[in-house]
Structure formats: C-alpha cells, structure tokens
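In order, the protein sequence lines correspond to chains V and C.
Numbering-wise, this note's numbering puts 284 at position 303 of the first sequence, and it's gapless, one number per residue.
Numbering-wise, this note's numbering puts 162 at position 28 of the second sequence, and it's gapless, one number per residue.
A few of these clues could be false.
[Stated by the list, open to error] Stretch-level coverage of chain C by chain V, calculated; a stretch enters the list once three of its residues show a Cβ under 8 Å from a Cβ in chain V:
id, segment
1, 198 to 211
2, 243 to 252
[Said to hold, decoys possible] Cut-off 25 Å, straight-line C-alpha distance, at most; resulting in silico cross-link-like pairs (SDA-like, lysine to any residue):
id, chain 1, residue 1, chain 2, residue 2
3, C, 332, V, 11
4, C, 261, V, 21
5, C, 229, V, 59
6, C, 307, V, 30
7, C, 357, C, 294
8, C, 332, V, 213
9, C, 229, C, 259
10, C, 232, V, 56
11, V, 22, V, 40
12, C, 332, V, 136
13, V, -17, C, 360
14, C, 229, V, 136
15, V, 26, C, 263
16, C, 332, V, 30
17, C, 332, V, 21
18, V, 152, V, 11
19, C, 229, V, 55
20, V, 22, C, 261
21, C, 229, V, 243
22, C, 229, V, 30
23, C, 261, V, 184
24, C, 261, C, 240
25, C, 332, V, -2
26, C, 261, C, 191
27, C, 357, V, 152
28, V, 26, C, 191
29, V, 26, C, 259
30, V, 172, C, 191
31, V, -17, C, 229
Just so you know, the hints here were simulated from the structure itself, not pulled from any lab data.
Glycine residues also receive a C-beta, built at the ideal position from the N, C-alpha and C atoms.
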Amino acid sequence: MKCDWVRQNILFYVYSELEDDARYEVEQHLARCPECAVELKATRKFHATLSDMPVADPSPNLLAASRMRLQEALETTRPGAFWQRLILEPALWLRQVRLAPALAAAIFIVGFGGGIATTYNYVGRDGGAVTTGSIVPTGGTPSVGGTVDSSAITGIRSVTQEPGSNQVTIKYDTISTQEKQGSLNDQEIQKLLLFAARNNYNSGVRMDSVDVLTQTPSDTRVREALMYALQNDTNPGVRLKALDGLSGFVKQDPQVRDGVLRALLSDSNSGVRMQALRLVEPMKADSNVRAVLTKLAETDQNVSIRSQARAMLAQVPEMD
Amino acid sequence: MPADSFAVAIPVGEISRHRRAEQDSGNRNPTVRGSLAAQGNRIDDTSLIREAQQGNRAAFEVLVRHYDQSVLRLALHLTGSESDAQDVYQEAFLKAYKNLGSFRFECSFYTWIYRIVTNLCLDHLRKRNVRKEDAPVAIDASGEEYSRIEQFADARAGANPERDLMRRELGRKIGVALEALTPRERMVFELKHYHGLKLRTVGEMLNTTEETAKNTLFRATQKLRAALAEMR
C-alpha cells in the first residue's frame, strides 16, 4: 500500500511538487525500499533524457518580425473600454450586482449610457453603410470617398490593375469595405499600396501590391516598402517579386545592395537566394559581394548556389 | 528599432519566482532558460498595466516585450511551425490588448497572458489532430516544408558525429512521443517540464485545479515513458 502511494508520488517528488511532509515520507520510504528506489532512478533518467533535448529559443529574426507585425496591427486596434467589459462579461456583471447593488447599478447606468452614446456616434459618423470612394484618374482629386486615412484602414481586400494602363482599383476595409480607383501616380493610391505591401495578412494581396509597386521603384518610399517586403514578408513569392522590383537599383543604391546581400545570406528559400545571386553577379568584384560569395560557397545548404558562388569567385581577379 | 535590441528577454513576475523556487529546492530543470530574475518587476508591471488600460499603447508594448519571448518559444515548440507560432503570438497579444480592460489583477499578468496563449495553442493542437495531417511535417515562414520532429534534434551540435546522430535519433523519438499526447496532456507537460512552472500555476492558466493538472502530468509522463521505452 505504501509502495503504491510512493510510486504515484515519485514523479511529483522529482518535479519538486510535493509538500514538505509528503516529501519527507517519500524520502524515508525510498531509503529502505530498494524497489521504489529503482523506480526513482527510472523516473530521474526519464526526466534527464527529456531535459537533454532543450527547447530552442525563437530566432532573433522571428522575434523581430513578430514584434513588427504586432506593432503594425496595434496601430489599427483600439484597446477594450471599461464599459465593453461589462457587456462582454455578463458573469462578472452579475457578480457585481450580487455583491454590491449600489455599485452595480451605477456601473449598469454608466455602461448602458456609454454603450448608447458610442453606438449613436458610430451610426452618426458612418451610417453603418458601405461607402465607396473613387479618385478621378487624371486630376487625382478625391471625390465621394474623401482622402484615405491610413489609421482607419483595417485591411486591404484586393489590388487589381487594368491591363495596359496605369489605373489601379483597390478595395479596402475601414469599418466597412471601401474601394478606390485611380492612377498609379496618385498619392492616395500609393498610400494604400504601401499599406497593403506591409500590413495585409493575405499574401495574395501583398503579392499584387508589391507587383504594382515594382512599376515605380524610383520612388524612395516604394523602394523602402520593397526592401521591407524582401526582408520581412513570410511568403517567398512576395519576396521574389520585391527582389525583381529592386533589380534595377542593386548597382546604384548601396542600401538595396546590402538588402539583397542580406537576403542572399539569410533567406530561407533557395529560389529567393538564387535570384539574389543573379542580381549581384555584375558586382562580384565589390569587396562586400565577394565576402558574401565566399561565405555562400562554403556554407549554403543548396549545392547549386554553392557551386555558382564558387564559379563567380573564380572569375573575379584576385585584388591582393 | 535595431534587431539586436530584442536579444535579451527579462523574465518577470511569476516566472521569476518560479525559477527562484526551483533553484531553492536544489532541483533546477536545466531546460528552463534565462536567469535574469528581475526583482520588483511586478510593481513595474502593475503601473504599466494601469497605463495601458488607460489607453497608453507604449506601455502595452513594454509589457509585450517582458513576456513575448517566452510566449513565442512556447508557441513555436507546441505548433512546430514558425508561421503558426507567429499567428498565435499576434492573436494572443491583440486579444490581450482588446481585453486589457477586463484584467482585474486577480492573478498575475503573466498567468493572464499565458491563459490566452495556452487557449490559442490548445485550439491549434486540436485542429491539427482533427485534420489528421499528422505527418510530422510543417510549413515554415517561407512556405517550405520541414520536419516538426527535427526541431528537437538540432539543438546542440557537438564535435562527435556519432553522438550527434544518437542525439538526433533520440530527439526524433521524443518528438514522436510528444505528438502522440492529447493536446491538454501536451500542454501540461510542456508548461511543467520545459517551462518549469508550478502545477498550481499551470492549473490556473488552464482554468482547472492543481489536482487535475497533477493527474494530467502523471498520465502524460506515463505515456511518454511507455512510448520511449517501446522505441528503444
């Protein structure tokens, strides 16, 4: 009987989860019962085996990307208000009522009034209806929808470009879904595209917006957005598109070159690394590029990238 | 903000106390990492939470930084996928932000945020069990497939290849055994063994009693021991 009890508690003894008196009893029993001592040994071995396989910490890149994504989402999110808590948690509300009737009544009135006032404001401001905005393509003057307030955007639904023109239609959500149409050069359209490239959770929409943005890479803001997508986008297709858009600037813009080199060293997708390798090929004499190529030739997981890097290095004349 | 400023996470509140308790008992779990026990951070947390409740987003972001590394570590280990872990991270902190008004200091903020995270992870594990795409293959952030089980194996590369191979093999076995647990058993085992939490806290996080958490841990370890013994 005692042995049964001890064996059921050996695990908690090993995990330091026993109260002092129970721990004392277990220790006393283990000192004189060899069978239970064997069980203790086995449990300790099991514990040590599992502890020998530590949980890896998330990589600094993953943590940084997660923080950035959260920060962007927080910009468009509002914290829960006090009155919402009363509406969302009826159990709490009822407890308050039972424990403190006067306080509960006051909270009820404040909550009810706050709720009505907020609803009134909400309906008054937006009418609860879908608003459609459009921009005159040539002049770029906003009409029905007014200007785009990026802090009110909750997400971008779709980005479509009319074939053969620079006209873009963007559907985006505020409280309700809205739509904007206009020229690629339009400030509002660009603002939405930049927002979509960084913020949207739908990789198809990010892909579309990065694709449209690659048509005007000379704008520094666009270039920044493309660099951001190259470094942080989780979808390799989007990163490839961003790389395409940046291809013309690898030579002239050192920041772009550094970004591409970073991708070459750290991008997890071999297709993206391969494309980055193609982009830096004309600059293989550059010392930074050469250093990265040397590292790639030794350490890249992909055989083809390793051999290509070696071949490129072989073509560079030694400077020293 | 430069990426290197994210490198140090300061464990605060409950977890620091747990770690101190484990050290005191002389039975420290070697897998529980980070030893910057920051005394007095609970007080800082309280004022941060109050400021965040009044709508100060910067205060909330500081709070996030206190806890997000361990949240991401838990999510990563449980989901086995970087993109899923990122989704859990994002959803958990957004949920916390939206519901911050309902935090009433009845438990520590650490327990509260972990309650949200564990619920999301449990949902994720349940969905994965239902989908039965149980092949231990996951998709990483770049969309490439990798073995979920491998994550237990890569941890420490040494100079001895034979030993590395054995470690990898053992890691693979542990991965398979952990995958076979029920979501709840997996969660309790994870929080106790790899995060070194007290079962009382685990119970609070999972909205259950310490006794139930104890029973679940017992069942989980029985299953793991049986599975690992069979595979030897």
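Quick rundown of the hints versus the structure:
1. Counting residues of the segment 198 to 211 of chain C whose CB lies closer than 8 Å to any CB of chain V gives 8, which reaches the minimum of 3, so the coverage claim holds.
2. Using a Cβ-Cβ cut-off of 8 Å, 0 residues of the segment 243 to 252 of chain C lie near chain V, which falls short of the minimum of three, so the contact claim is violated.
3. Under the criterion of a C-alpha separation no larger than 25 Å, the hint pairing residue 332 of chain C with residue 11 of chain V is consistent with the structure, at around 24 Å.
4. The hinted pair formed by residue 261 of chain C and residue 21 of chain V fails the criterion: a straight-line CA distance of about 37 Å is larger than 25 Å.
5. A C-alpha spacing of about 11 Å is found between residue 229 of chain C and residue 59 of chain V, which places the hinted pair at or below 25 Å, so the restraint holds.
6. Taken as a hint, the residue 307 of chain C and residue 30 of chain V pair is honoured in the structure, with Cα atoms around 11 Å apart against an allowance of 25 Å.
7. The straight-line distance between the Cα atoms of residue 357 of chain C and residue 294 of chain C is roughly 31 Å, outside the 25 Å bound, and the hint therefore fails.
8. The hinted pair formed by residue 332 of chain C and residue 213 of chain V fails the criterion: a straight-line CA distance of about 37 Å is larger than 25 Å.
9. Proximity of residue 229 of chain C to residue 259 of chain C is assessed by CA-CA distance (about 19 Å); at most 25 Å being required, the pair is judged to hold.
10. Annotation: proposed proximity of residue 232 of chain C to residue 56 of chain V holds, straight-line Cα distance about 12 Å (limit 25 Å).
11. At roughly 36 Å between alpha-carbon atoms, residue 22 of chain V and residue 40 of chain V are farther apart than 25 Å, so this suggested pair is violated.
12. Distance check on the hinted pair: residue 332 of chain C and residue 136 of chain V sit about 41 Å apart at the alpha-carbon level, beyond 25 Å; violated.
13. This hinted pair checks out: residue -17 of chain V and residue 360 of chain C have alpha carbons roughly 24 Å apart, not beyond 25 Å.
14. This hinted pair checks out: residue 229 of chain C and residue 136 of chain V have alpha carbons roughly 17 Å apart, not beyond 25 Å.
15. Our distance criterion of 25 Å between C-alpha atoms is broken by residue 26 of chain V and residue 263 of chain C, whose separation comes to about 30 Å.
16. Proximity of residue 332 of chain C to residue 30 of chain V is assessed by CA-CA distance (about 20 Å); at most 25 Å being required, the pair is judged to hold.
17. A threshold of 25 Å between alpha carbons decides the hint, and for residue 332 of chain C with residue 21 of chain V the separation of about 20 Å falls inside it, so the pair holds.
18. Our distance criterion of 25 Å between C-alpha atoms is broken by residue 152 of chain V and residue 11 of chain V, whose separation comes to about 71 Å.
19. Proximity of residue 229 of chain C to residue 55 of chain V is assessed by CA-CA distance (about 11 Å); at most 25 Å being required, the pair is judged to hold.
20. As the CA atoms of residue 22 of chain V and residue 261 of chain C are separated by approximately 37 Å, the hinted pair breaks the 25 Å bound.
21. This hinted pair does not check out: residue 229 of chain C and residue 243 of chain V have alpha carbons roughly 34 Å apart, beyond 25 Å.
22. Distance check on the hinted pair: residue 229 of chain C and residue 30 of chain V sit about 36 Å apart at the alpha-carbon level, beyond 25 Å; violated.
23. A hinted pair counts as satisfied when its Cα atoms are at most 25 Å apart, and residue 261 of chain C with residue 184 of chain V qualifies at roughly 22 Å.
24. Distance hint between residue 261 of chain C and residue 240 of chain C is unfulfilled; the C-alpha atoms sit about 31 Å from each other, more than 25 Å.
25. With a C-alpha separation of about 7 Å, the suggested pairing of residue 332 of chain C with residue -2 of chain V holds against the 25 Å cut-off.
26. Between residue 261 of chain C and residue 191 of chain C the alpha-carbon distance is near 33 Å, which puts this suggested pair outside the 25 Å criterion.
27. Among the hinted pairs, residue 357 of chain C with residue 152 of chain V is inconsistent with the structure: their alpha-carbon atoms are about 52 Å apart, more than 25 Å.
28. Among the hinted pairs, residue 26 of chain V with residue 191 of chain C is inconsistent with the structure: their alpha-carbon atoms are about 47 Å apart, more than 25 Å.
29. The suggested pairing of residue 26 of chain V with residue 259 of chain C is violated, with an alpha-carbon distance near 28 Å, which exceeds 25 Å.
30. At most 25 Å may separate the alpha-carbon atoms for a hinted pair to count; residue 172 of chain V and residue 191 of chain C meet this at roughly 24 Å.
31. The suggested pairing of residue -17 of chain V with residue 229 of chain C is violated, with an alpha-carbon distance near 48 Å, which exceeds 25 Å.
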